[in-house]
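Undergrad: Start from the sequences, fold in the hints, and give me the full structure.
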Amino acid sequence: MVLPVPAGLDPIVATLFNPLGAGIRWGVTVPGTGPGDVVAVLGPGVRGLCAAAAAKEAGARFVMVTGLGPRDADRLALASKFGADLAVDAGAEDPVAALKKTTGGLADVVVDVTARAPAAFMQAIALARPAGTVVIAGTRGFGVGAPGFSPDVIVFKELRVLGALGVDVTAYRAALDLLACGRYPFASLPRRCVGLDDAEDLLATMAGERDGVAPVHGVLIP
1 MVLPVPAGLD PIVATLFNPL GAGIRWGVTV PGTGPGDVVA VLGPGVRGLC
51 AAAAAKEAGA RFVMVTGLGP RDADRLALAS KFGADLAVDA GAEDPVAALK
101 KTTGGLADVV VDVTARAPAA FMQAIALARP AGTVVIAGTR GFGVGAPGFS
151 PDVIVFKELR VLGALGVDVT AYRAALDLLA CGRYPFASLP RRCVGLDDAE
201 DLLATMAGER DGVAPVHGVL IP
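Quick note: the sequence shown uses the UniProt record's numbering, first residue 1, plus one each step.
The set of hints was computed from the structure by calculation and includes no laboratory data. Any given hint could be a false lead.
Claimed, not checked - List time: in silico DSSO-like cross-link candidates among lysine-lysine, alpha-carbon distance up to 27 Å: (1) 101 with 81; (2) 157 with 100; (3) 157 with 101; (4) 81 with 100.
TA: This is the structure we're talking about:
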C-alpha cells in the first residue's frame, strides 16, 4: 500500500497517519459514531487524542477523555485542543459521575485505548449508556483479567462490545487529509525525534521501560 502525502505536510507530522488512522477507525468507523453522539475515550496517549479528534470530526456533540494520575496530567491538558470537551483524571475523580454531571447521561460510544490497564474495561462498561457501544482497542497482555468484571452488566445494559485492532486504507487516507487541513495542532504534540543510534532507547521509553514520561509522539529518522 502506497499513499501520497499531501503537498505541504511536514513529513514528521505525516508519520501520525498511523495513530490518527487508528483513531478514525476505532473511534468512528467501528462504532458508527455520528452527529450528536456523546463519546468517552479512555487513554490520553496519541491514539486517544486522535480518537477524540476523529469523534469530533464525525459530529460528536460531546467528547470526554480520561487518564490516570500525574503521568497523564500533561496529556489530559492537551485533550481540549484535540476535540475534548472534558478531561478527567480517573485517579482523582469518578469519570462516570463527571460525565453524568456534565451531559446529564452516559456515553453513546466508549473507546478504550488504554495499555496495560486491567481496570479500564469495567470503567468502559460503566460509562456506556444502555444499548451503547464499547470499543476495546487497548491490550492488557495475555492472562490478565478485568478486575470486577461482571458479564451480566453487558446483558442488562444490552451493550454492543467490539474489539478493534488494525487500520485500513480508508482510515489512512482520511488521516492524511485531516493532518493536512491543520484543524488540530498535531505539529505541536510533544515528540522526540531520534536517529538509528537512539532507536532502542526511544522504543523503551515509549513502552514505559525508562524513567520519566514518554513523549506523546516518537519518530525515528534514519
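Undergrad: Could you run down the list of hints and mark each one as holding or not?
TA: Now the hints, each set against the structure:
1. 101 with 81: Satisfied, since the Cα-Cα distance of roughly 22 Å is no more than 27 Å.
2. 157 with 100: Holds, at roughly 16 Å.
3. 157 with 101: holds, 20 Å
4. 81 with 100: Roughly 22 Å between the alpha carbons, so the hint for residue 81 and residue 100 holds.
Of the numbered hints listed earlier, not one is contradicted by the structure.
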